[in-house]
Amino acid sequence: MAQKPQTPKRRSGVRHRDGAVQSPDASIAAVSQGRIGNWALLGGLTLLTLLVVFLDVRTGNDLRVVPLLVVVPALASVYCSLRQTIWVAVWITTVVVGFRAGADGTFWDFVFGIGFAVLACALGVAACAARIRHATEMARLRSAAVTLQRQILRPLPVVTDHVFAYGLYEPIEEDRFVGGDIYEVVESPYGTRVIIGDVQGKGLAAIGAGFAAIAAFREAAIREPTLTGVVQALEDAVVRHNEFSAQTGEAERFVTALVLGFDEGGQVEAVNCGHLPPRLLHDGRTSAVTLHRTSVPLGLAGLSREARTAESFGFPRGATLLVVTDGVTEARDATGAFYPLDERVVAWAGHGPRELLDALHGDLEEFSGGIRRDDVAALALHRAPAATH
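1 is the number of the first residue of the sequence shown in my numbering; add one for each residue after it.
Note that these hints are calculated values from the structure, not bench results. Treat the hints with caution; some may be incorrect.
[What the hints assert, rightly or not] Listed next, the in silico SDA-like pairs over lysine to any residue satisfying Cα-Cα at most 25 Å (straight line):
(1) LYS202 x SER245
(2) LYS202 x SER188
(3) LYS202 x ASP326
(4) LYS202 x ALA135
(5) LYS202 x TYR79
On a predicted model such as this, the values are computed, not experimentally measured, just so you know.
Working from the sequences, and respecting the hints, build out all of it.
Right, dumping it as C-alpha cells:
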C-alpha cells in the first residue's frame, strides 16, 4: 500500500545533485581557483624543468631547448589560478634568464632572448587574468539567472486542503541552457489549482515568459471560477508578453502547460496545453492518465479553431499524481536513449510522494551520468486521506 506521508514542512531553496543549495558566491569564487593543486604544479614544473635542462645540456650550443620553456605560462593560464600562473611565469623567467646569462652569444642575443622570455611570460599571465575575468562574468550571469528562477518559483512542499504538493526542481546552470520550467500551487475559493509547464527556448528571455505565465496564474487561479477561465488568462498573459518581446526585438515564446484543479470530490479537472500527461500511482499500481483533449500551447491559441476545454479523471484518496517536464522524459544516457519514465515508475508504485521524487532524482542522475541539457521539474501531488485544516 502507498505510504501515508507526514505533514510536510516548508523547505526553501532548490535541491541540487549534492542535496545542498548551491551558493552563488561559491560558484563565482570557484572559477578563480586553479584546477591543479599547488604541490602537483610544483612537482610537475620541477620535473619539466629538469628534463628540459638535461636536454639542453645534451644538445649543447647546436640546439638550445631551455628557451622553449616560455610556452609553459601560456599552458598554465588555461588550468591554473592567476597566482599560480604568476608563480610559473616567475619560475620560467628565472630559469631562462639564468641559462641565457651563461650561454655564448652577443649582447643583443642576450637582450632579445631575455626580452622574448619576459614578454611570453607576461602574455601568459595576462591571458590567465582575462580568462578568469570572463569566467567570473559568466558565473555571475548564471547565478543571477538561477537566483531569478528560484525567486519566481514557490519553495516546496506546500500543503493545501486538497493535496500535499512535493516538488523536485533542478535548473541547468549553464548560461546558454538556462531554461524556463515553471510550476505553482495555489489554494483558491474554487479548490487547489496547480500548473506545471515549460517555456519554449532557453536563456533569460525564457525565464521572462515563464514569469509572465506564473504571475498570471497566481492571480487568475483565485479570481476565475472555472479552470478554462484560468487558462484563458494565461493565454492572454503570454500573448501580451510576446507582443512586448516583439517590440524589444526578442523572439516570441510559447508555453506548454498542464493546469489541474482539485476539490473535495474524487475527480481532478485538467486542461492540457501541449504538455506531458500525468502518471497516477495508487494501491501499488501505476498508470498513465489519458487526456483526450490536448490543445495547443499557451500563446498559440490564435492558430487553432478549437477552444480549450477541461476534462476530468479519477483521483482517489491516498493516490499520488506525478507530473513532470520534458527535462525528465528527454534525458539521455551515454547511448543517446531517452529516459524510460513509465518503466521506472512501476518500481516506485508503493512509494510516498517524497520518496517517489527521491527515487526519480537518483535514478535520473544515474541514467544520464549527471549530464543534463535541460531543467528538471517534477511534482508529486498526493491527495490527503482526509481534509487538512
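Okay, the hints, checked on the actual structure:
1. The straight-line distance between the Cα atoms of LYS202 and SER245 is roughly 15 Å, inside the 25 Å bound, and the hint therefore holds.
2. The straight-line distance between the Cα atoms of LYS202 and SER188 is roughly 31 Å, outside the 25 Å bound, and the hint therefore fails.
3. Distance hint between LYS202 and ASP326 is fulfilled; the C-alpha atoms sit about 13 Å from each other, no more than 25 Å.
4. Under the criterion of a C-alpha separation no larger than 25 Å, the hint pairing LYS202 with ALA135 is consistent with the structure, at around 20 Å.
5. Simply put, LYS202 and TYR79 have alpha-carbon atoms about 29 Å apart, too far for the 25 Å limit, and the pair is violated.
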